[in-house]
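Turn these sequences into a full structure, and let the hints steer you where they fit.
Sequences listed follow chains U and S, in order. Be aware that the first sequence starts at 26, since it is given in the working numbering, and climbs by one per residue. Be aware that the second sequence starts at 6, since it is given in the working numbering, and climbs by one per residue.
Hints listed in this document are in silico derivations from the structure and should not be mistaken for laboratory results. Hints are supplied without guarantee of correctness; some may be wrong.
Which residues of chain S face chain U? A partial, calculated answer using Cβ under 7 Å [stated by the list, open to error]:
hint, residue
1, R121
2, Y122
3, T283
4, C691
5, I695
6, L708
7, D709
8, C711
Just so it is clear, the structure is predicted and the values come from calculations on it, not from any experiment. In this text, a Cβ means the ideal position worked out from N, Cα and C, and glycines have one as well.
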Amino acid sequence: MWPQQFDYQRADSVESALAAIGDNGKFIAGGHSLLPAMKLRLSTPDQLVDISRIDALRGITNGNGNLSIGGAATHAEIAASAAVGAACPALAQACGMVGDQAVRNFGTLGGNIAHADPASDPPTALVACGATIHIQGVDGSRSVSAQDFFVDLFETDLQDGELITSISLPDCSDCQCAYVKLPHPASRYAIVGVAVCLKMDGDTCAQADVAVGGATVKAVKCAGAAAALVGSSLDDAALSAAAAALSDDIGDWLTGDVAYPEAYRSAMAGVFLKRAISAASG
Amino acid sequence: MSTRIFGSGIKRREDPRLITGEARYTDDIKLQGALHMAVVRSPYAHARIVSIDSSAAAGLPGVRAIFTGSDIDLAGLPTAWLIPDSDLKTPEHPALASDVVRYVGDGVAIVLADSRYQAQDAADAVMVDYEELPVVVDPHEAAQAGAPQLHADVEGNIAFRWVMGDREAADAVFAAADVVVSERILQQRLLPTAMEPRAASAQYNAATGELTLWCTSQNPHIHRFIVSAVTGLPENKVRVIAPEVGGGFGSKIPCYPDEALVSWAAMKLGVPIRWAETRSENYLTTIHGRDHVQFVDMAASNDGKILGVRATVYAGMGAYLSTAAPGIPTILHGLLYVGPYTIDNVFCESIGVMTNATPTDAYRGAGRPEATFLLERMMDKVAGALDMDPVALRRQNLIPPFADGYEVATTLIYDSGDYEAAFDKALAMAGYDDFRAQQAQALQEGRYLGIGVTAYTEMCGLGPSQVAGAVGFQGGLWESATVRVTPTGKVQALIGASPHGQGSETTLAQIISSELGFPVDDIEVIHGDTTETPMGWGTYGSRTTPVTGAALAQASRKLKEKARVLAAHLMEANPDDIEYADGSFSVKGSPDQAQSIQDVTLMAHLAWNMPEGMDPGFEESQFYDPPNFVYPFGTHIAIVEVDPVTGSIDLQRYIAVDDCGPQINPEIVAGQIHGGVVQGVAQALCEGVIYDDNGQLLTGTMLDYCMPKADMFPNFELGETVTPSPHHPVGVKGVGETGTIASTPTVYNAVLDALSPLGVAQIDMPLTAAKVWQAIQNANGGN
Ligand SMILES: Cc1cc2nc3c(=O)[nH]c(=O)nc-3n(C[C@H](O)[C@H](O)[C@H](O)COP(=O)(O)OP(=O)(O)OC[C@H]3O[C@@H](n4cnc5c(N)ncnc54)[C@H](O)[C@@H]3O)c2cc1C
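Rendered as structure tokens:
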């Protein structure tokens, strides 16, 4: 647990952070994914630029039907935010299920999604709820949908030297959304995490969004499962059809290991889809 | 006061320094001018070392020296439990491999540098060229013909073949029995995971020829012995200090290469050397526990009499035979095959097998959990085969109460036991009969509840030295202690054992206080330094309270007798007329005339007025070699609910009734049971080493290796019965391992009980949700 030598500096603005990062530098926010990797020497930056105290990256606002979360907002802040709880409870739940309180006090949403651990919780909620990731580099800024942001195992659309400045979500106070997970008993990361976002018209499901993580190499949007729910009254038959469709949705992305093989994770994705729907409608 | 301190749940006296961070561990000791050692470790489980190029590493900043195996002139690390009549082979275990590496983590070179970072940089830069060799990690596979071979002098990878009992006699009993049940039981590998990883620092004084080694040891006197043998330094020139040690669970008994290497480097370079392992290194190179593949049979008659137990055990030793390793799956295992039951026929063949994995050795319970598990698992299987209530079956076979000696078929003589009393108490606490009704009701609602009941006894308080010799343990198993009282009546108790988290500084002080009347706060228990403390064989096998405690009780009694005679002399009375109560000596009939223990102590030191023939001073030493082991016992019960949809297990209740004789400090007893139960339940439910086919440790961090967490457990419901040991001065038995020994089968059996309506009969531990779910799918096709 002895990292290679590196320099450290704290940035006070997005511009100064971008200017400081250099060729083999890394931004550090909570450090809860980066430092373990450095201690194992899986990551060997020569420069750390600390972005955790940049005010512009910290806040959470809700205006014009748009929830905006700073790239360096912590999981604890998001989980406790009334604005997030109202506009997107699934994300508040996902952030509230990250690690333990100490991890949530340090870890940030930007760091979490930049790291793109397949077993992470927040990405699944972000993909289901249609989030947009706002990115800034030395050459300007751009935005990308959460669905496109996550590319593969530990791989995102983020380019070297780019910073996630904020994450925005449509306000879905009029929908029912939830995130549930089956935690790994050792790490408490997700073996399977499922997020759903439903719009109901009376007893009929008018719109559905479903995403799965943990069981997959990245958070995957599940159109087939969503289609099986739309138009139904979320009855048992619809739920079973959705669970069956879900295994096709995630089939290409499925992952597993000796302890929790793909077959188990795939089956649990269906089980937790039902549990997510019941949590959302409960 | 003096009579009540024994049995009082006073707070642990070691805790303030532990919980405020003031304790000083090995790695807290800063040595002027010390270099830091990093070990270059093999990334392969089995490979020939073709070449080592350290030239680039040697040029890095701060690097002072790099040594490989061929530079090091240390004797190999000894195996110190040479079990007899087993054709034991002890393959060479060099401190650094110079020819072949045999497990991932095997050391091939050491780097000494100014800082730990620089040492690690250089270790990464040492280029080792390996030629990979075939790998075997499963002990059963490794014992088969054609398996990759680890050591030229260990044919077929079989390090020993230990047999207990008469095979033909056992086979005859099984052939004639009404019922025989059989199972292949996997006792998975476990990682001991003490909170403090291992560390070692050494300093050598060339002028005096003295080596001081600070290390994470459960037995500094044994470490001195072995370090002396490995380095060639005479024992009186080696001082081993175990400062605060943050847990061990057996993993800090053995002598490791790293301790030998810091000692050697300190002598070679003439500067102090420091080393501390990372958690990743800890998981790779600190011993692992368990690792048995067992083939077990149990025979019974149709009316529920257990007739015999028979097992063939393939015990994974890993790449080398660690210090005590051969004794664990043999002496500490097979001798426990009757448990608390009247079983007349036992047979065990235990085969120690070399594998390309981290060496195994004693881990909390060490051999006894593996025996208790197989007995209790097979009891439930017999109950199933006979369609009998598992509780009724156990009750019918329990050994009746005995107060002073009961010889069982494995030749052990149990000291005392009243198994049915503990059994009844636990069943009453659990509400067993009501539970069966609730279980049936729940099943109607599609809920799967299960109960597991374990009756156990175990052998601890190791042990009579004569027995140690007979079973090949290369040491004694006595302890010694000195009770030294200062002129002002403050007590220093110097002990050879080396507690490391058990609370012994408190319990041992309570024994002295109750014997001699000094307030417990005036008593300091000093341990962990071979120069300061008298000889002792260490803290393991639940032996410190039974063995060191007995030595202290007897030394205290000698002092009390001296005090009585001196008090009589000072009060000009006949010693026979002296009465003692609560730390005060008085003359029968004239209670106003009294001498406190402190008054007497002072007068013994001043020696102005001593009785004829009495030496001055107030200090006594005692060597204590126990006449027998002690045999704590009890009954544990678990109630679980299994979610058949996910395979997740909810441990709803845990009841433990333990009998460790009179409890010196009930809070500390409860703490030991809590910790032990947590570790044992974790074996049943979540802990387990996984290697891939190449011998890579897949559970190399706590991301994958599942340590138990508080939210996995209900509040434990503890009860006790009190059956004193007849041979012990204060009647106590050990309690450090009972929780681990009893809890694994208890929870395992509870889960299998819950799953029985689904047709699931066997799952390898740990019972992870995925495995439970898969077993349910396999049993009923997922319906
Ligand atoms: C014990 C433990 C348990 C955990 N359990 C869970 C869990 O159950 N579920 C879960 O989802 N996560 C879990 N985590 C991970 C946790 O959520 C991390 O905090 C998170 O993944 C990374 O956030 P961070 O702020 O610490 O990022 P850092 O470690 O600081 O950075 C991670 C990576 O992101 C980059 N980065 C950071 N911020 C930005 C930014 N704004 N823009 C661009 N790049 C950036 C860094 O350069 C680095 O490459 C756990 C972590 C620990 C230590």
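Given Y122 (chain S) as an interface hint, is the shortest Cβ-Cβ distance to chain U below 7 Å?
Since the shortest Cβ distance to chain U is 5 Å, the answer is holds.
With a cut-off of 7 Å, does the beta carbon of T283 (chain S) approach a beta carbon of chain U closely enough for the hint to hold?
This interface hint holds because 4 Å falls under the 7 Å limit.
Classify the hint on R121 (chain S) as holds or violated, based on whether any CB of chain U lies nearer than 7 Å to its CB.
holds, 6 Å
Hinted contact C691 (chain S) with chain U - closest CB pair below 7 Å
holds, 5 Å
Can C711 (chain S) be said to touch chain U, with a Cβ gap under 7 Å?
holds, 4 Å
Does the closest beta carbon of chain U sit nearer than 7 Å to the beta carbon of L708 (chain S)?
holds, 4 Å
Would the hint on D709 (chain S) be counted as holding, given a Cβ-Cβ threshold of 7 Å to chain U?
Holds, because the Cβ-Cβ distance from D709 (chain S) to chain U comes to roughly 6 Å (cut-off 7 Å).
Can I695 (chain S) be said to touch chain U, with a Cβ gap under 7 Å?
Since the shortest Cβ distance to chain U is 5 Å, the answer is holds.
Hint check: no violations occur; every hint is consistent with the structure.
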